[in-house]
Amino acid sequence: MSRFDWLSEYLARLEDEHVVVRRGDAARLAPAHCLILDAEDWGNVARVAADSGYRWAGLWGDPVAEQVIVHAGFVHEGDYLILITEVPLSHPVLASHTPYYPAANRLERHLQDMLGIGFLDHTDGRRWTRHRAWPEGVYPLRNDFPVSGNSPHRTPADSDYPFERILGSGVYEIPVGPVHAGIIEPGHFRFQAVGEEILRLEARLGYVHKGIEKIAVGRDPVGLARLAGRVSGDATVAHTWAACMAMERAAGLDIPPRALAIRAILAECERVANHLGDIGAICNDVGFTFAQMQFGRLREDWLRGNQSVFGHRLLMDFIVPGGVVRNLTYQCKKILQPQHEALSRELDDLLPIIDDHSSLEDRLVETGYLSNEEAQRLGVTGYMGKASGQDYDVRRDHGYAPYDRLDVPSPCLMEGDVAERIRVRAEEIRHSLKLMEHLMRRLPSGPVSVSWPEVVSKREGIGLVESWRGEILSFVRFGEDGRVARFFPRDPSWFSWPALERLIHGNIVPDFPVCNKSVNASYSGHDL
Amino acid sequence: MLRILNKIWHTGTVTERRPRDAEIERFGKQVKRAIDRRFRGSLAIRQVDAGSCNACELEIHALNNPYYDIERFGVHFVASPRHADALLVTGPVSRHMETALRRTWMATPSPKFVIAAGNCACDGGEFGVSYASCGAVENVIPVDVKIPGCPPTPRDLLWGILAAIDVKG
Ligand code: SF4
Numbered sequence: 001m002s003r004f005d006w007l008s009e010y011l012a013r014l015e016d017e018h019v020v021v022r023r024g025d026a027a028r029l030a031p032a033h034c035l036i037l038d039a040e041d042w043g044n045v046a047r048v049a050a051d052s053g054y055r056w057a058g059l060w061g062d063p064v065a066e067q068v069i070v071h072a073g074f075v076h077e078g079d080y081l082i083l084i085t086e087v088p089l090s091h092p093v094l095a096s097h098t099p100y101y102p103a104a105n106r107l108e109r110h111l112q113d114m115l116g117i118g119f120l121d122h123t124d125g126r127r128w129t130r131h132r133a134w135p136e137g138v139y140p141l142r143n144d145f146p147v148s149g150n151s152p153h154r155t156p157a158d159s160d161y162p163f164e165r166i167l168g169s170g171v172y173e174i175p176v177g178p179v180h181a182g183i184i185e186p187g188h189f190r191f192q193a194v195g196e197e198i199l200r201l202e203a204r205l206g207y208v209h210k211g212i213e214k215i216a217v218g219r220d221p222v223g224l225a226r227l228a229g230r231v232s233g234d235a236t237v238a239h240t241w242a243a244c245m246a247m248e249r250a251a252g253l254d255i256p257p258r259a260l261a262i263r264a265i266l267a268e269c270e271r272v273a274n275h276l277g278d279i280g281a282i283c284n285d286v287g288f289t290f291a292q293m294q295f296g297r298l299r300e301d302w303l304r305g306n307q308s309v310f311g312h313r314l315l316m317d318f319i320v321p322g323g324v325v326r327n328l329t330y331q332c333k334k335i336l337q338p339q340h341e342a343l344s345r346e347l348d349d350l351l352p353i354i355d356d357h358s359s360l361e362d363r364l365v366e367t368g369y370l371s372n373e374e375a376q377r378l379g380v381t382g383y384m385g386k387a388s389g390q391d392y393d394v395r396r397d398h399g400y401a402p403y404d405r406l407d408v409p410s411p412c413l414m415e416g417d418v419a420e421r422i423r424v425r426a427e428e429i430r431h432s433l434k435l436m437e438h439l440m441r442r443l444p445s446g447p448v449s450v451s452w453p454e455v456v457s458k459r460e461g462i463g464l465v466e467s468w469r470g471e472i473l474s475f476v477r478f479g480e481d482g483r484v485a486r487f488f489p490r491d492p493s494w495f496s497w498p499a500l501e502r503l504i505h506g507n508i509v510p511d512f513p514v515c516n517k518s519v520n521a522s523y524s525g526h527d528l
Numbered sequence: 001m002l003r004i005l006n007k008i009w010h011t012g013t014v015t016e017r018r019p020r021d022a023e024i025e026r027f028g029k030q031v032k033r034a035i036d037r038r039f040r041g042s043l044a045i046r047q048v049d050a051g052s053c054n055a056c057e058l059e060i061h062a063l064n065n066p067y068y069d070i071e072r073f074g075v076h077f078v079a080s081p082r083h084a085d086a087l088l089v090t091g092p093v094s095r096h097m098e099t100a101l102r103r104t105w106m107a108t109p110s111p112k113f114v115i116a117a118g119n120c121a122c123d124g125g126e127f128g129v130s131y132a133s134c135g136a137v138e139n140v141i142p143v144d145v146k147i148p149g150c151p152p153t154p155r156d157l158l159w160g161i162l163a164a165i166d167v168k169g
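First to last, the sequence lines map onto chains E and U. Everything in the first sequence is counted per this note's numbering, starting at 1 for the first residue and increasing by one. Everything in the second sequence is counted per this note's numbering, starting at 1 for the first residue and increasing by one.
Derived by calculation from the structure, the hints in this document are not laboratory data. It is possible that part of the hints are untrue.
With a straight-line cut-off of 25 Å between C-alpha atoms, the simulated SDA-like cross-links for lysine to any residue are [stated by the list, open to error]:
1. K32/U to R155/U
2. K458/E to A193/E
3. K7/U to R363/E
4. K333/E to K112/U
5. K112/U to L433/E
6. K7/U to L433/E
7. K7/U to K458/E
8. K29/U to K333/E
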């Protein structure tokens, strides 16, 4: 299979629709392919892409002088197509992609709140990321907006967000959050229910909006990598890797093979740690504390291993622009290998228990069902997609180093319920252990970093990484001074949140925690 | 069922009693004594994420795993600020959480104390003060004790909680 062999067909279809592609550019955001378009064709190109079955993978704007350069990402057969257009700040209006891709809804509203771009035909013009920290009509990501903001006063609560309502006899509403009952991130959920059954759930996010995109501006590469590692702390490796990949591609920097292998070991370690913790937590949400305790123990063992080998339990800041901070010594291998073997043995005991425990089955099977069609429509990736028939993994299908030389197994199951999502995660743990074993056995020799070039000016790059949650797409542009001028990390949670709202239909209110946990979307990674 | 019992039997008790963790044990006992004395045997903590990246939460969660099992020292996490003796706050306070944090603090009955956990909560950390972030927790509500770290380890958190009890006593 050669790359982009579907592109000519897409271009031909655009021509049929009288869409003029100004320019194609394979170098600008390589390995993605860019098409530069007129603003008035923005809606048509998405319609054709949707008809062709491409997945919509994100949207971001980049304010440059008096223009906003708008990018939208599409994926097909592991290839990334970035459509680019420009709108003037004086009249920043584009057609919406939401009619063709429902998951575009919130990213468009994010762009509307952050950069003031208006979307025509958008079915939902409500604000999204903006609560009350800045007023309507001003846009934090515009260059004339000071990073400190304009409002020194206390920020009032976002109490007048217009939730959609279902009316009818016996329908009642349950507001939850932003401060939840457990030790989790803040957000607001509005349930409409009849009796115990949930008719509708609407999430209101944005509570942990920390201005990440804005405070990234002006950072040097090392500073950006640190910030990227805190976009969503549970996926620190994946986000740092994606941001570094984007910066390194912008700089045209080749990373030594040993550094790449170590990055992959880190990424698999992160995947295992999160899956272990979540499998336990999901079981706990239906009262099976045995699993919570056992998997909590395994996770803790794992994090202690991280600490002794990489110097940080959650692996923060080990990946840096140009490589990794330290080498892995022979000693490390001696710690990691027995640890992996021990985990494998434990899983041999534990996973069969979870798999055929009848009361777990009773609670998890058919709970939180996301159909294959919905999963595809929403473009979910990671375990969410893989449990609902979406056979996609960035490591395998797009292929980035070092995975492009490995045989990366990726489960694809069909049932779409909570039980299936556990199964995908259990399989992924096994696969990660195999990958790590392979990577450690064949660890290339050589340096683990290269030095950063003096100045990388006016260049941009894209990073694509399979985090434990799914696909991360990260965009970085450097300004003239070699400092970051734009950073946009698109976490997979932008798509799993809307999926949660769909899969909860018809479930009972008390099952919300377990459904939510099985999705485990990131608040921080989404709110930015 | 037999398999479950078998696994439990073979796992045994992993809660830290081993020499290398004698420190935790000793220290935990100290916490327990302080809690018994000042909080009648149980310290109720309400955790509030005011804008964290979620890594601080992961480590706070770890306090409940069988290694640390913080409940054995009388410390437990409660669902409502109205049931809490202390707030454990993480993250820089995002402006969008500013009012929610203040309201949570007001809902906590006095006498109460506040622990800021993580670099962000202590001094704004990686995010600092901006149009979207108020920075340190003490910029919004009074803070009694700070536990630095990014994120603080479960052990740091345990130490910090003891220090908090000391400060308030
Ligand atoms: S202190 Fe570190 S781990 Fe904790 S919220 Fe801040 S960035 Fe995240």
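Structure-based check of each hint:
no.	hint	in the structure
1	K32/U to R155/U	holds (15 Å)
2	K458/E to A193/E	violated (52 Å)
3	K7/U to R363/E	holds (22 Å)
4	K333/E to K112/U	violated (48 Å)
5	K112/U to L433/E	violated (46 Å)
6	K7/U to L433/E	holds (22 Å)
7	K7/U to K458/E	violated (58 Å)
8	K29/U to K333/E	violated (36 Å)
Figure legend: structure checked against the earlier numbered hints; hints not met, in rising order: 2, 4, 5, 7, 8.
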